[in-house]
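Two chains, two separate frames, one set of hints: put the complex together.
If you want the building blocks of each chain, they are given just below.
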Amino acid sequence: MAEQNPSSADDPTAGESGPTYCAYTDYSQDTPSETSLPATGKNASGTEQRVWDVLYEIEDPEMPVSIVDLGLIYGVRVVEESEATAGDDSSTDEEDIAGDAVGTPVAIDMTLTYTGCPARKMLTEEVEEEVRSIEGVSEVALELVWSPNWSLEMVTEQGRADLREFGLSVPEREEA
Amino acid sequence: MSTETTGLGTPEDLTDAERGAVEAELRPLADGEFVLAERYTEWQVRAPTLESDLAISNIAQDELGHARLWYDLLEDFGYTEAALIWEANPEDFQHPTLVELPLGEGDWADAIVRGYLYDTYENLHLRALEGTSYPWIADRVGKVLAEEDYHTQHARNWLSRLCEDDPGRERVRKALDRLFPYALTLFAETEHEAAIVDMGIRTESLADMREEWLGVVVPHLDSLGLSVPVSEDGEVLVDLPDQVGTDGSHTEHWPELFEEFTHTYRELELGEPPRLLEDPDEV
Chain G
1 MAEQNPSSAD DPTAGESGPT YCAYTDYSQD TPSETSLPAT GKNASGTEQR
51 VWDVLYEIED PEMPVSIVDL GLIYGVRVVE ESEATAGDDS STDEEDIAGD
101 AVGTPVAIDM TLTYTGCPAR KMLTEEVEEE VRSIEGVSEV ALELVWSPNW
151 SLEMVTEQGR ADLREFGLSV PEREEA
Chain H
1 MSTETTGLGT PEDLTDAERG AVEAELRPLA DGEFVLAERY TEWQVRAPTL
51 ESDLAISNIA QDELGHARLW YDLLEDFGYT EAALIWEANP EDFQHPTLVE
101 LPLGEGDWAD AIVRGYLYDT YENLHLRALE GTSYPWIADR VGKVLAEEDY
151 HTQHARNWLS RLCEDDPGRE RVRKALDRLF PYALTLFAET EHEAAIVDMG
201 IRTESLADMR EEWLGVVVPH LDSLGLSVPV SEDGEVLVDL PDQVGTDGSH
251 TEHWPELFEE FTHTYRELEL GEPPRLLEDP DEV
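Top line first, the protein sequences correspond to chains G and H.
If you're matching positions, the first sequence starts at 1 in the numbering used here and goes up one per residue.
If you're matching positions, the second sequence starts at 1 in the numbering used here and goes up one per residue.
It should be emphasised that the hints constitute simulated quantities derived from the structure, not laboratory data.
All C-beta atoms in this analysis are idealised placements derived from N, C-alpha and C, irrespective of residue type, glycine included.
One or more hints might be untrue.
[Unchecked claim] Below, a list of computed lysine to aspartate or glutamate pairs in the DMTMM-like style, where the Cα atoms sit at most 20 Å apart: (1) K121/G / E81/H; (2) K121/G / D109/G; (3) K121/G / E80/G; (4) K121/G / E153/G; (5) K121/G / D72/H; (6) K121/G / D53/H; (7) K121/G / E135/G; (8) K42/G / E153/G; (9) K42/G / E59/G.
[What the hints assert, rightly or not] If you want the ones that stay clear, here's a sample from chain G, every Cβ over 10 Å from chain H, calculated: (10) T40; (11) R77; (12) T115; (13) G116.
In isolation and in its complexed conformation, chain H is listed as follows (with noise of 0.2 Å):
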């Protein structure tokens, strides 16, 4: 735990301005892991290898195991899984837009460019929580960095196999080119930025953040071939995508995924309540 920062207290007994920043920093990230899987489940059985087929496999299956780790503290607060995913609007959900994009169709190297692109963020956010001043994050913390060890490298890998020579690395540049927009929503502040970073909630502002991703991800593109829409001095020359996710605002892309991954919960009437006998009524 930081020194400077005082840790905040139990879910019951955070203030209303804790509790709302707490839960801003925690459904994004929520959210983020949970849609991210979703889209790479799209590619299950169907990438290049039977060995990425498990990679791919597994990774989904990490970011799902993170998003309920950060969807539990959110329950702390009284709120249910089905609230939260199953029964909520689609406009509740606060990821970045990035990770909701249709994967391009039967393109592989799109699958590997968003998960390097994320997994690079990923690693920085989850470092920036390595000193929280909430006590329930950094119990997690460690737990989830270890697992996300193993994208980073899956992804690092993929892209210089990609990139090694001319139609693989065309592929990539287009993947990049349509994904780069996007992968900056990664930064876009809620209103209660400026709350999370002064209660040590998160060490290090999005805008920082942002710097230091820019810094990693430019110069290993670069050195692959590739390049990237920021000027010489570090200065992005794409303009912010206008929907960002974490105002709840959704490309058109959106709704169809949250109907398909919600169809079988309202299919089986998950959300009615049981009825032992029949409406007398309706008989």
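Same shape as in the complex, but just chain G (with noise of 0.2 Å):
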């Protein structure tokens, strides 16, 4: 590993850019447990509603389903304002606060299908695209997970009726 040097993660020639990181995510490995799972934005307001509604939007590349309802989506976390600005010399007053990027960022946990999967920097790219021209957001800092695996169950059943409609066959929850 001598010969390479770590500060080449600045190397504008690198074919795939680093993983960056949001400063407000935090990195305790608390994964969501699988019964909290899928999770779908169900008691979402503000921000993080329009964060989940857009995400909603967002299909499979190879199935009509909605990433969302495919349960790929672990967690959505806006930083609160207040959160967002704590500590920021800066912003004491409302010209800085206007200067700056306006909205809060956001963490998104998300997991795919299988290790192997070709659409992965499509898929992740188009959600950080689509979540950042959300009106209210500044950042967004998306990593993926694989803790708990994605299986089936991680499906909703609005995702189980659009893959039964696909042509697929999937097979009834089990009852917790």
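Below, the structure is given as structure tokens:
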């Protein structure tokens, strides 16, 4: 590894840019438990609601089913205004706030159905782009997570209906 | 998470020693998956049935997917994919040399034996990572393990089938004789081995994994009528090859394979900065 300089992350010639982290993402690995999934944003409001609305519009590249109904989204976290500006000395007057990127950062945890998914970049970029364009969102930190494993159990009732209509045989959800 | 080991911190919080150990654990794993997939893809559209064409392609795709998950974690330390693979030097790669050997020409048994020996090892290795102290590895192990089950099944099914008659078993035997010494490179330690185990990055030593692997592989191959150069009391009777891979030493076949799979990257000049205008001096 001696030949490789970590600073090459800044190398603009690199084919794929390195991972970017949102300053507000904590690194705790409190991955959602299987029982809290699928995450659907049921009780979301405000900016978070708008994020879920946009995510619902994004479909799997191979099947006409929303990535939310497919169960790929494990969590959405909108950083509260007070959190976002806490410790930010420059935003003490209104002019400064207006001059900064408007809105709050959003962190999204997402998985993929399998590790060799060839649409990974396409899908994650679409999510980032669509969510970033939402009014009230300043930046997006998307993290791919792999625990718990995605399985059919993650697919919502709507997702199951969509997959059946597409012609797939989807078993009934097992009663919890 | 293991209750005995304290979890390691975030990528940027690691001490130099911790980071060195995590990298030393990840790099051979990532490279191993990647290079094995490179070799498997040579069998695509040449496998003996359409079903096995699809199977080997699918297995190769999975291994590339797993390689990407492990490379991702190295990228957390600031490396880029380009630096790790496409613009790396051949000697930067740390995969065990088993996976870089050319496939015996036209020999399907080679792909199967190699897959069997590797997948049995990978399964043990992943299980030794389930209780890892590094949370980012922990997040990924279950997913990879779930996808590996099918690989082992595929290899075992084909092994049995190939060993059903004498000519088939003879092919398997030849492939096994050639590959077995190199399979031992799967357990070649790096200088970080003690640290990896001490820090709980992996919960089992490579030496213990090797014992376990022999305990699975030897009786199974024996049951198929294949002899393995291991004595009754478990002593391995062949020497480790000179090139083990994990220390950057590779066989003469490696530079050729590396040249081949990085060819398109260089041809497309992906490593060159794009230029909008021609250099006036060159017009």
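Hint check:
Of the supplied pair hints, the one linking K121/G and E81/H holds, its CA atoms being roughly 13 Å apart against a limit of 20 Å. A threshold of 20 Å between alpha carbons decides the hint, and for K121/G with D109/G the separation of about 15 Å falls inside it, so the pair holds. The straight-line distance between the Cα atoms of K121/G and E80/G is roughly 28 Å, outside the 20 Å bound, and the hint therefore fails. Restraint check for K121/G and E153/G: not satisfied, since their Cα atoms lie roughly 24 Å apart, outside the 20 Å limit.
Proximity of K121/G to D72/H is assessed by CA-CA distance (about 13 Å); at most 20 Å being required, the pair is judged to hold. With a CA separation close to 26 Å, the supplied pair K121/G and D53/H exceeds the 20 Å bound. Between the alpha carbons of K121/G and E135/G the distance comes to roughly 24 Å, so the proposed pair goes past 20 Å and is violated. Distance restraint check for K42/G and E153/G: the Cα-Cα separation of roughly 18 Å lies within the 20 Å cut-off, and the hinted pair is therefore satisfied.
Taken as a hint, the K42/G and E59/G pair is honoured in the structure, with Cα atoms around 19 Å apart against an allowance of 20 Å. Consistency note on T40/G: stated as away from chain H, and its beta-carbon is indeed over 10 Å from all of that chain's, at 22 Å minimum. The claim that R77/G lies off the interface holds: its Cβ sits roughly 17 Å from the closest Cβ of chain H, which is beyond the 10 Å cut-off. Non-interface status of T115/G relative to chain H is broken: a Cβ of that chain comes within 10 Å, the nearest being about 3 Å off.
Some Cβ of chain H comes within 10 Å of the Cβ of G116/G; the nearest lies about 3 Å off, and the non-interface call is violated.
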